[in-house]
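Between the sequences and the hints, there should be enough to build the whole structure, so can you do that?
Each protein sequence line maps, in turn, to chains C and G. To get this note's numbering, take the position in the first sequence, counting from 1, and add 5. To get this note's numbering, take the position in the second sequence, counting from 1, and add 326.
Honestly, the hints are just simulated from the structure, not real lab data. For every residue, glycine included, the Cβ atom is placed at its ideal position computed from N, Cα and C. Hints should not be assumed to be uniformly reliable.
[What the hints assert, rightly or not] For each label pair, taking beta carbons as the anchor points, the in silico distance ranges come out as:
| no. | chain 1 | residue 1 | chain 2 | residue 2 | range |
| --- | --- | --- | --- | --- | --- |
| 1 | G | 508 | C | 272 | 56 to 66 Å |
| 2 | C | 83 | G | 457 | 40 to 50 Å |
| 3 | G | 399 | C | 302 | 51 to 61 Å |
| 4 | G | 415 | C | 260 | 48 to 58 Å |
| 5 | G | 331 | C | 205 | 49 to 59 Å |
| 6 | G | 399 | C | 40 | 19 to 29 Å |
| 7 | G | 403 | C | 25 | 26 to 36 Å |
| 8 | G | 454 | C | 26 | 36 to 46 Å |
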Amino acid sequence: MIGADHCARLMGLNLSDVCRSGERLAGVLEYGYNYYNYDMVLVFSDPYVEAEAMGCSIVYSPSPIIIGPCPDAGEILDKNREWNFPEDSALNVMIEAARILKRRLKVPIFFSIKGPFSLSSFLYGIEDFLKLIKTAPEKAARFIHKTNNLLLKYIEKVLSLNINIFIGDPMASTSVISPDDFKRFALPPLRVLTGFIKEKDAMLGLHICGNTKPIIKLLDYLGVDILSLEDITPKTRTLRMGGVSTRTIFNDSSEQIKAEVERALKKPPLILSTGCDVPQDTKPENVKSLIKAFYEIGGCK
Amino acid sequence: MDLNEIKTAVIQMDEKSTEKLVIEALEEKYNPLDILNNGLIPGMKAVGELFTRKEYFVPEILLASDAFYRGFNLLTPYLKKASYRKKDKVLICVVQGDIHDIGKNIVKVMIESAGFQVIDLGRDVPIDEIIKAVKTAKPQILALSSLMTTTMLQMGEIINRLEKENLRKNIKIIIGGAPLNQEFARKIKADGYGEDAAGAVDLIEKLIRE
Chain C
6 MIGADHCARL
16 MGLNLSDVCR
26 SGERLAGVLE
36 YGYNYYNYDM
46 VLVFSDPYVE
56 AEAMGCSIVY
66 SPSPIIIGPC
76 PDAGEILDKN
86 REWNFPEDSA
96 LNVMIEAARI
106 LKRRLKVPIF
116 FSIKGPFSLS
126 SFLYGIEDFL
136 KLIKTAPEKA
146 ARFIHKTNNL
156 LLKYIEKVLS
166 LNINIFIGDP
176 MASTSVISPD
186 DFKRFALPPL
196 RVLTGFIKEK
206 DAMLGLHICG
216 NTKPIIKLLD
226 YLGVDILSLE
236 DITPKTRTLR
246 MGGVSTRTIF
256 NDSSEQIKAE
266 VERALKKPPL
276 ILSTGCDVPQ
286 DTKPENVKSL
296 IKAFYEIGGC
306 K
Chain G
327 MDLNEIKTAV
337 IQMDEKSTEK
347 LVIEALEEKY
357 NPLDILNNGL
367 IPGMKAVGEL
377 FTRKEYFVPE
387 ILLASDAFYR
397 GFNLLTPYLK
407 KASYRKKDKV
417 LICVVQGDIH
427 DIGKNIVKVM
437 IESAGFQVID
447 LGRDVPIDEI
457 IKAVKTAKPQ
467 ILALSSLMTT
477 TMLQMGEIIN
487 RLEKENLRKN
497 IKIIIGGAPL
507 NQEFARKIKA
517 DGYGEDAAGA
527 VDLIEKLIRE
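Given below as structure tokens:
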């Protein structure tokens with residue numbers, strides 16, 4: 006999975022500049038696609054794009070970092086208000102980029118959207134939200150419900166482009182919360198989103214970082230088309246995506262990458278990829294090693 | 327009262343009860359060091375074990391840490407008077423450019439509750455500040471954290487600076503954070519890599535024994 010951050014780095018550009026224009030964002034994603042020649046394009050700029058649109062404080066250092074919650078979060082919860090993405094935000098840049106890429110490229114285009122549990126934690130404040138699910142679970146569930154309603158409006162807009170969706174819900178990982186909390190807080194809104202997206206006949210991928218073994222059955226029966234996982238060893242009925250650890254592609258040598266590709270290809274069917282998005286400063290030769298190893302070992306082209 | 331009640335309150339992540347029980351214990355003239363060693367620390371140790379066994383997760387650790395520190399802060403003035411002697415010194419921080427500190431804070435509470443003296447420089451800490459703190463505080467362990475691939479490379483620079491300034495041989499360096507692995511630790515010549523908070527104390531104790 007390659008996002009705009011790595012592609013921008015390939016071109017020697019700053020992500021913060023790229024994300025100001027749909028044309029520029031589409032341009033870097035297209036550059037990455039042509040540079041590596043992979044088989045699907047993910048419209049992904051950074052993990053906090055929705056949170057930033059909702060007013061969370063973000064700094065670029067040089068990658069975006071979230072430093073504060075959404076100022077409206079308390080009011081939305083206490084006064085039982087619904088919220089909306091502002092008309093003029095970076096999300097429009099993403100949508101414009103997706104529209105351009107859909108017109109220019111012949112491969113499947115997936116649009117990255119933050120999952121409801123993760124977006125809720127960004128909007129409320131990560132530590133405070135993780136505590137809230139234990140200290141005031143009803144309040145936390147209500148907050149997630151509101152976040153999900155917000156996401157549904159956004160997804161409807163994205164689906165009008167006739168492209169596919171990839172939900173990333175890193176905070177819903179069972180490296181962070183317990184399987185019980187996943188079931189209680191993260192799974193129900195994901196079910197709602199999945200039902201909504203599948204009703205519109207779009208393809209849907211879901212990425213959850215870290216350890217997913219304890220919840221793999223729940224994910225498998227969610228109804229998504231692709232499960233992008235750090236650990237692809239559990240067998241699933243849903244098509245898996247992954248196989249090469251993100252740490253490996255960033256830190257290790259071509260030989261180690263090739264060994265992981267070899268191991269992964271012994272577990273078909275699989276979309277070969279990294280377990281999470283390729284870090285922006287990953288050496289391009291490492292990404293090329295992954296693709297080269299796939300063709301050598303897999304012999305698909 | 328029984329100090330086990332304090333341990334239980336920490337395990338149950340009950341900040342208010344922990345505070346109430348520590349105050350009660352002080353009023354009952356328990357030695358503050360006993361309250362720490364037989365109440366709060368065993369509580370946090372049990373929390374660490376529950377985390378290792380994947381019975382507790384990040385939210386539980388955050389709440390248990392709040393309870394631990396609520397009690398610990400009440401004891402601090404008494405512990406200073408009692409010339410409380412801690413184990414070795416650990417300097418911990420998140421490197422410059424990175425403000426993700428949940429992981430660092432969890433590791434900090436685990437180390438502190440294991441009896442080490444922890445100096446927390448916080449997050450987004452410039453290299454110069456780390457070097458200065460190593461010179462003045464003379465810790466046995468330097469624990470560096472980074473959640474971002476853009477900032478993790480600084481860890482190597484920090485180690486190089488410590489070497490250049492002849493500070494490296496007196497200190498063990500451990501690193502942790504999502505994008506790191508053992509291979510990265512080896513490349514930058516760190517002494518250890520901690521995959522998660524639960525293993526940090528064991529790693530530090532192992533390095534100090536060496």
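Structure-based check of all given hints:
1. G:508 x C:272: 56 to 66 Å: About 24 Å separates the Cβ atoms of residue 508 of chain G and residue 272 of chain C, which means 56 to 66 Å is violated.
2. C:83 x G:457: 40 to 50 Å: Cβ of residue 83 of chain C to Cβ of residue 457 of chain G: about 46 Å, so the range 40 to 50 Å holds.
3. G:399 x C:302: 51 to 61 Å: holds (57 Å)
4. G:415 x C:260: 48 to 58 Å: violated (40 Å)
5. G:331 x C:205: 49 to 59 Å: About 56 Å separates the Cβ atoms of residue 331 of chain G and residue 205 of chain C, which means 49 to 59 Å holds.
6. G:399 x C:40: 19 to 29 Å: violated (54 Å)
7. G:403 x C:25: 26 to 36 Å: violated (53 Å)
8. G:454 x C:26: 36 to 46 Å: For residue 26 of chain C against residue 454 of chain G, whose Cβ atoms are near 37 Å apart, the range 36 to 46 Å holds.
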